[in-house]
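**Q** Okay, here's what each chain looks like letter by letter:
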Amino acid sequence: MITVKELTKRYARTTAVDHISFQVDKGHIVGFLGPNGAGKTTTMRMLTCFLPPTAGTATVAGIDVLDKPLEVKKHIGYLPETPPIYPEMSTAEYLNFVGKLKGLSGAELAKRVDYVCERCAVADVKHKLLGKLSKGYRQRVGLAQAVIHNPDVLILDEPTAGLDPKQINETRDLIKSLAGDHTIILSTHILPEVEQTCEQVIIINQGKLVATDSVRNLQARARGAESVLLEVAGRSGSLEPSSVQEKLQRVAGVSRVSLTQQVDSRAVFEVESQKGSLVRGDLARAVVESGWDLNELRPTSMSLEEIFLQLTGREEPVEEAVAGVQA
Amino acid sequence: MRNTFIICRKELRSYFVSPIAYILLIMFGVIFGFFFWNALGYFVMAGMEMQMRGQAYPMNLNEQIIRPLLSNVAVVGLFFIPMITMRLFAEEKRSGTIELLATSPVRDVEVIIGKWLASLILYACLLLFTAVNFAFLFRYGNPDWKPLLVGYLGLLLQAGALLAIGTFISTLTKNQIIAGAVTFGICILLWVVGWVDYETSNWARVVSYFSVVTHFESFGRGVIALKDGVFYAAVIFFGLFLTARSMESLRWRS
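The listed protein sequences derive, respectively, from chains A and B. Residue 1 is where the first sequence starts when you use our numbering, and the numbers rise one by one after that. Residue 1001 is where the second sequence starts when you use our numbering, and the numbers rise one by one after that.
Chain A with its partners taken away, still in its complex shape (with noise of 0.2 Å):
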């Protein structure tokens, strides 16, 4: 449905997207996942034809969005970040100027209205002008007036962004019932609800693509490379954690140690190991080698959140966790 090759955007003196390439087949949810600023508003901008690419293709539905940008739209419903209202307005107001604008007319038109404002839960404000409503009723009208032409391919630009949990589970609920009818790009940059509504995962960082796979995979994944939770004691009532962590690391296979947790001569490490090397026993071993005590082993896997951090890199999990023992 949507095919994407090396697409850039340069501005002046950055560049917002970077060769970026992937495809989205027909009737998916995709969760478009990075940190803010990675390049993620702009991707989109570009596939609904508001941003014109500085190179590379993009085709919706088969159509270039620089050969016919009115052809594309037609068969595009866009929700941006913030929605696109005008306080003055009523919701059905609303609805049937969209509609209108998207060339629809006469009793389809008043079908489609009265179809969205049920479909996404808004007849009950039909009559209210826009300014009125809850931020909560606004991101719903916003998504009524993406689907009112029925359009091939729905991108929404962070739809629970701003809600409250309620409304934000209200939000992803009305998404996926939507998904059967409509190609769904979502992006956003909180990860369980890429693990809640989506089937595959687009993960770019600095404008660049960093990894793109189904969710289950990249779970997968994420359960081949072994985390280890091990507490180690000192046996004389004292224990220098960075020995251990010195040794520990040294263990063939094991790519990082952190620290995680240190009480009195108690110390827990969380160490992870790289993908297809099994290294418990050999941590074991080490540890009582070096004549320690192991109180405790125990593999974890990692969370899709890690794996997350881990592609994009921008914060380290490690320092903030021993950051929040010391406080």
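Please note: incorrect hints may appear among the correct ones.
To be verified - Pair ranges (Cβ atoms, derived): (1) B/1139 to A/124: 37 to 45 Å; (2) B/1038 to A/13: 56 to 64 Å; (3) A/173 to B/1079: 47 to 55 Å.
Unchecked claim - Okay, derived cross-link-like pairs now, DSS-like style, lysine-lysine, Cα gap no bigger than 30 Å in a straight line: (4) A/208 to A/68; (5) A/128 to B/1174; (6) A/176 to A/166; (7) A/74 to B/1093; (8) B/1146 to A/126; (9) B/1146 to A/68; (10) B/1174 to A/135; (11) A/126 to A/68; (12) B/1146 to A/74; (13) B/1093 to A/135; (14) A/166 to A/135; (15) A/132 to B/1093; (16) A/128 to B/1093; (17) A/68 to B/1093; (18) A/176 to A/26; (19) B/1146 to A/208; (20) B/1174 to A/132; (21) A/135 to A/74; (22) A/111 to A/132.
Said to hold, decoys possible - Partner residues are not named here, just some residues of chain B that face chain A (Cβ under 8 Å, in silico): (23) 1006; (24) 1099; (25) 1106; (26) 1246; (27) 1249; (28) 1252.
Hint data in this document are derived by calculation from the structure and do not stem from the laboratory. Being a predicted model, the structure only gives us computed values, none of them experimental. Note that the Cβ used here is the ideal one computed from N, Cα and C, for glycine as well.
Since the structure of chain A is provided, determine the placement of chain B on it from the hints.
**A** Okay, now just chain B, sitting in the frame of chain A:
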């Protein structure tokens, strides 16, 4: 064409559901009402003086009331035009609704002409107020209606030109106040450049040629002058052309 109409209707709606349209109408009505009352009072007094002196001085409603009043409207309009155009695009840019327009299957030109047309219609509504006043002249006097119609045509053309410039300026900023202030400055400038016509040097003639108010003079007299009509049409075209360029550049820059 259909899209232009949709955009135009939406703009008119937002003028008339917000206080903007009514405030402009009331202010304009009061100001013009004062001009009219003043001109009429002067006319009546002059007429009575003539009678008392026993002189038969030719009194003419068209020459002594309608023409000067239309010239006044041409100048007063300069102060109202920035208030009409300042929100056209600046507001959409600020609230982000411009993204809706830009990602809908409509051409930029359709959006621009729709908005400009709506602003022109609002201006025409202001002119309707003057028509109410002039109606009294037709009820109690016998002025010629043709020069008045030509005058209205001239006013609409002049406003069209300035509104096109204002529309363009509104695309340059997110801030309505800035859009309004710059448009206001340009309107005033395009009026006062006509004052250098006492100079006969070539540059002075070129500068004064750009005065939107001088080009109105022939229309005010009831004469459709082709060269003045062409001037206004050229400014309208140029203003809307710049608007289209500016909309396009928004896409490259934003």
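**Q** Straight-line Cα separation of residue 1174 of chain B and residue 132 of chain A no greater than 30 Å?
**A** holds (23 Å)
**Q** Compare the distance between the alpha carbons of residue 111 of chain A and residue 132 of chain A with 30 Å, and conclude whether the hinted pair is satisfied.
**A** At roughly 25 Å apart (the allowed maximum being 30 Å), residue 132 of chain A and residue 111 of chain A satisfy the hint.
**Q** Do the alpha carbons of residue 208 of chain A and residue 68 of chain A lie within 30 Å of each other, as the hint requires?
**A** holds (26 Å)
**Q** Is the Cα-Cα distance between residue 132 of chain A and residue 1093 of chain B 30 Å or less?
**A** holds (20 Å)
**Q** Please check whether residue 1246 of chain B passes as an interface residue: C-beta within 8 Å of a C-beta belonging to chain A.
**A** violated (16 Å)
**Q** Per the CB criterion, is residue 1106 of chain B less than 8 Å away from chain A?
**A** Holds, because the Cβ-Cβ distance from residue 1106 of chain B to chain A comes to roughly 6 Å (cut-off 8 Å).
**Q** Quick one, are residue 1146 of chain B and residue 68 of chain A close enough, alpha carbons at most 30 Å?
**A** violated (49 Å)
**Q** Taking the CB of residue 173 of chain A and the CB of residue 1079 of chain B, does the distance hold inside 47 to 55 Å?
**A** holds (54 Å)
**Q** Taking 30 Å as the top limit, are the C-alpha atoms of residue 135 of chain A and residue 74 of chain A close enough?
**A** Measuring from Cα to Cα gives roughly 27 Å; hence the hint holds.
**Q** Are residue 1252 of chain B and chain A close enough, Cβ to Cβ, to be under 8 Å, as the hint says?
**A** holds (7 Å)
**Q** Hint check: is the beta carbon of residue 1006 of chain B less than 8 Å from a beta carbon of chain A?
**A** holds (5 Å)
**Q** Straight-line Cα separation of residue 74 of chain A and residue 1093 of chain B no greater than 30 Å?
**A** At roughly 22 Å apart (the allowed maximum being 30 Å), residue 1093 of chain B and residue 74 of chain A satisfy the hint.
Violated hints, in rising order: 1, 8, 9, 11, 12, 19, 26 and 27; the structure is consistent with all others.
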